[in-house]
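Visitor: Line by line, the protein sequences are chains A and U. Each residue of the first sequence is one higher than the last, beginning at 1304 in my numbering. Each residue of the second sequence is one higher than the last, beginning at 43 in my numbering.
Bear in mind the hints are in silico, worked out from the structure with no lab data behind them. None of these values were measured; they are calculated from a predicted model. Ideal placement from N, C-alpha and C gives every residue a C-beta, glycine not left out. Hints should not be assumed to be uniformly reliable.
[As the list claims (entries may be wrong)] Pairs of lysine to aspartate or glutamate residues, derived as DMTMM-like cross-links and limited to a Cα-Cα distance of at most 25 Å, are as follows: (1) Lys-79/U with Glu-63/U; (2) Lys-1629/A with Asp-1390/A; (3) Lys-1629/A with Asp-1526/A; (4) Lys-45/U with Asp-65/U; (5) Lys-74/U with Glu-61/U; (6) Lys-45/U with Glu-1483/A; (7) Lys-1629/A with Glu-61/U; (8) Lys-45/U with Asp-1488/A; (9) Lys-1839/A with Glu-102/U; (10) Lys-1438/A with Asp-1497/A; (11) Lys-1629/A with Asp-1497/A; (12) Lys-79/U with Glu-1656/A; (13) Lys-1505/A with Glu-1931/A; (14) Lys-1713/A with Glu-113/U; (15) Lys-1323/A with Asp-1774/A; (16) Lys-45/U with Asp-1724/A; (17) Lys-1466/A with Asp-111/U; (18) Lys-1466/A with Glu-88/U; (19) Lys-45/U with Asp-1380/A; (20) Lys-1712/A with Asp-96/U; (21) Lys-1712/A with Glu-113/U; (22) Lys-1585/A with Asp-1380/A; (23) Lys-78/U with Asp-1859/A; (24) Lys-1712/A with Asp-65/U; (25) Lys-109/U with Asp-65/U; (26) Lys-74/U with Glu-1483/A; (27) Lys-1629/A with Asp-1451/A; (28) Lys-109/U with Glu-63/U; (29) Lys-78/U with Glu-113/U; (30) Lys-1713/A with Asp-96/U; (31) Lys-1713/A with Glu-61/U; (32) Lys-45/U with Asp-1497/A; (33) Lys-1393/A with Glu-88/U; (34) Lys-1712/A with Glu-84/U; (35) Lys-1713/A with Asp-111/U.
[What the hints assert, rightly or not] Here are some of the chain A residues that sit facing chain U, going by a computed Cβ distance under 7 Å: (36) Ala-1507; (37) Asp-1724; (38) Gly-1909.
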Amino acid sequence: MVTEYKEGSVGAELGQREFKVVGTRPPRPDGVDKVTGRALFGADLTAPGMLHATILRSPHAHAKIVSIDTSAALAMDGVKAVVTSDDFVKQGGSGNQDTLDNCMARGKVFYDGHAVVAVAATSVMVANAALKLIKVEYEILPHETDVDAAMLDSAPVLHAGRKFRNIPEGNNANVSGFWEFGHGDIDEGFAKADIIVERSFKTAATHQGYIEPHATLATMGPDGRGEIWVSTQGHYMVRDLSAAFVGMETSQLRVTAAEIGGGFGGKTTVYLEPVALALSKKSGRPVKMVMTREEVFRASGPTTSSSTDVKIGMTKDGRITAGQAKPRYQGGAYPNITAMLGAMTAFASYDLEAVQTQAWNVLTNRPKQAAYRAPGAPMAIYTVESVIDELCQKLDLDPIEVRLMNAAKKGTLSSYGPTFDEIGLVATLEAAKAHPHYAAPLGPNQGRGVSCGFWFNFAGNTSVSMGINEDGTVSVIEGNPDIGGSRASISMMAAEELGIPFDKVRTIVGDTNSIGFNDVTDGSRVTFSVGLATIKAARAAIQNMCGRAAQVWGIDADAVDWVDGAAVPTGHNAGEFPPMTLAEIAADSAKTGGPIAGHHEVNADGAGVSFGVHLVDVEVDPETGFTEIKRYTVFQDAGKAIHPDYVEGQMQGGAVQGIGWALNEEYIYGEDGKLQNAGFLDYRIPVASDLPMIDAVILEIPNPGHPYGVRGVGETGIVPPLAAVANGVSHAAGVRMSELPMSPPRILAAIDGAK
Amino acid sequence: MVKVNLWGSLRSATGGLTEVEVDAKNTGEMLKALAKKYPALELIIEGGVSVAIDGQIYKEAWFTPIKPDSEVVLMPYMKGG
């Protein structure tokens, strides 16, 4: 359902434009390929003479690599190449070096599953047999996988001697990042409160749960030129990192993004690609690598786990006087910024006079974390929204009314620094308050949870090219892998701007040699940035086509306008000519100056932040601790929903992943530091039969930074569910829950503890 | 002169200040002036920062104009998923 929201000041173009294609729901252009099996995913490509490579991984959580002997493996029939960290080029920057060291351990292994040696052979069976012949001598070191324990002085140090910037005195050597945000006098704010609630929360590390494992096929010829086929969210990123790691120029490596079977942030880095390329360089043969599901869990990046202290003060009538949060995140063995993003987003939904957040990133013996939809925000906002719910409960106040009273709006100084422009939180809360779901009666053992959520949304480097074909159709090339329907939305924006039907446009994702550079598909950036570049590319093509019409008519180009897909003369002296359609101009293009195309390259800004509100009804079985989701409604500001089906899909998908995070999903490590549940049987993600229909209500508060008002929608949907479900469970179970996941044993223990 | 608000943990690089003033007409000049005035900020700026001007967040845009009365906030480099 799409609810148009017209209040507020936005650009004239946004307020007056009547869309013809944007906002409709045409069939998805990738649908037939996917249901017939024609779509080619990461593991689907083969090449003549192709080898298969597998990886020997660390069985230890933390150990020094004393020696590696690969001679027996290399001597085995069918083995064509072996690589270790010695086969890669040392990197100048610490960030790239960490990524490389995560692909192939250098000197030390930092977690169970860390890659140590890779073997390319004539089959997977031969490669796996060869791995067993490799002798690695380890000096086992003490390990730590818990964030709070890793901050203690007694904890084993992962990167001894390495200095991290801007770490205050008193933190141990595992603290790799510290950030502080906020404004106002926090002590004064708490002094104004009638009631203060302080609580500590924990959340588990969770995996993005993409169904397609990491997969790649790399070739490098004797001429030093390479090709990579890969399942990724960013093939330019794969090109740049892989080329740097094996020591080649980027122009000599062409990377093509396969159809992708899910990413959610987890495919924004490299794992296999540089390894396959290095093996191909050594063997002179194409090399294919596909992770097993166990490898995906043990060695690719889940999100961080967290431990957070929150303190919020409130007046009796529900005004928040001060908010303070201290999140501590572990994201595995290498530094990251996820805790920082948690600190920035924790209180972003609220207009506060006094707010302070301090965040720590801590190194542990776990896999290097990767992004997961709105990285850092779900865990931080879970803690804040849980405490606000508890305050509402203690003061007997309506949770939506309290949120409305404190909601951030245009002119609010945000908790992370800048003052908000046009935002949609109030409209989203009002929509939730007015929805029948909020007034529906609850049954026995049921509870209703509410939570707000926020995400920044990002933009970034983007290139788009489009060709106007002689038959009046349009071919668009974008450079961002389509993880959420971008080929549809980009075609729709091109059609809208050009004034032609949607089915006259086909958009493809080009390889790295097709168009200019593109940032990774992340940060909910693609519909915004690629859409913006597409509109600008279309306008360039339109300008060209108006010029062609002007030439044919013998009038000034300034006297030609573009209306409904055709050039028309405009102004008093332009003359009387019938409209010249895009198809007519294209048909004569060879005679009027040659091919017609438009392109645009930009480092886009102005993405526009996004808010959401989630309502959930849960039922908790007091005998088993099992939680059933009875009803779920998502309200989210999309700016302008280009293709509402996809927008609703993003909102529903985010809610489902958040429900899994809240109720079931967790990385479980044993005392030995080894992952205990590396598979979907023991790591339980929600499936369709676990859930009711997730209702999605799209709000449209246009983003002034985009010609059509678009805001990103891919990430905000996963932010509120953790708190919404936790608040619902807390009401249903009659006890405040403060640790995720809220698995049945944990809920039963909480119920028993409250008796 | 433009007023620049810094995120709290940069206090250690500016002698305890979270609001500083530099002479600049665009983001590039502002970042250079900050690094010159507070050398401890140089590596942090080189490592990547974002700048918010009047509520709009810019990641890397040296030539974005800054008006004398603009709200300018130096923010860490951010990335989504």
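Visitor: Next pair to validate is Lys-1393/A with Glu-88/U; report whether the Cα-Cα distance is within 25 Å.
Guide: Since the Cα atoms of Lys-1393/A and Glu-88/U sit roughly 21 Å apart, the hinted pair holds (cutoff 25 Å).
Visitor: Keeping to a limit of 25 Å between CA atoms, is the pair of Lys-1629/A and Asp-1451/A held or broken?
Guide: 12 Å, holds
Visitor: Would you check the hint for Lys-45/U and Asp-1488/A, treating anything up to 25 Å between C-alpha atoms as holding?
Guide: 20 Å, holds
Visitor: Quick one, are Lys-1713/A and Glu-113/U close enough, alpha carbons at most 25 Å?
Guide: 14 Å, holds
Visitor: Holds or violated: Lys-79/U and Glu-63/U, Cα atoms, limit 25 Å.
Guide: 10 Å, holds
Visitor: Take the C-alpha atoms of Lys-1712/A and Glu-113/U, compute the straight-line distance between them, and say whether it is at most 25 Å.
Guide: Roughly 17 Å separates the two Cα atoms, so the pair holds.
Visitor: Straight-line Cα separation of Lys-1585/A and Asp-1380/A no greater than 25 Å?
Guide: Since the Cα atoms of Lys-1585/A and Asp-1380/A sit roughly 17 Å apart, the hinted pair holds (cutoff 25 Å).
Visitor: Hint check: Lys-1712/A vs Asp-65/U, CA-CA at most 25 Å. Holds or violated?
Guide: 31 Å, violated
Visitor: Next pair to validate is Lys-1712/A with Asp-96/U; report whether the Cα-Cα distance is within 25 Å.
Guide: Between Lys-1712/A and Asp-96/U the Cα gap is close to 15 Å, so the pair holds against 25 Å.
Visitor: Could you grab the alpha-carbon distance between Lys-1466/A and Asp-111/U and see if it respects the 25 Å cut-off?
Guide: With Cα atoms ~38 Å apart, Lys-1466/A and Asp-111/U exceed 25 Å; violated.
Visitor: Hint check: Lys-1713/A vs Glu-61/U, CA-CA at most 25 Å. Holds or violated?
Guide: 23 Å, holds
Visitor: Are the Cα atoms of Lys-78/U and Glu-113/U separated by 25 Å or less?
Guide: Given that 25 Å is the threshold and the Cα spacing comes to 21 Å, the pair holds.
The structure fails to meet hints 2, 3, 10, 12, 17, 19, 23, 24, 32, 34, 36 from the earlier list, while all remaining hints are met.
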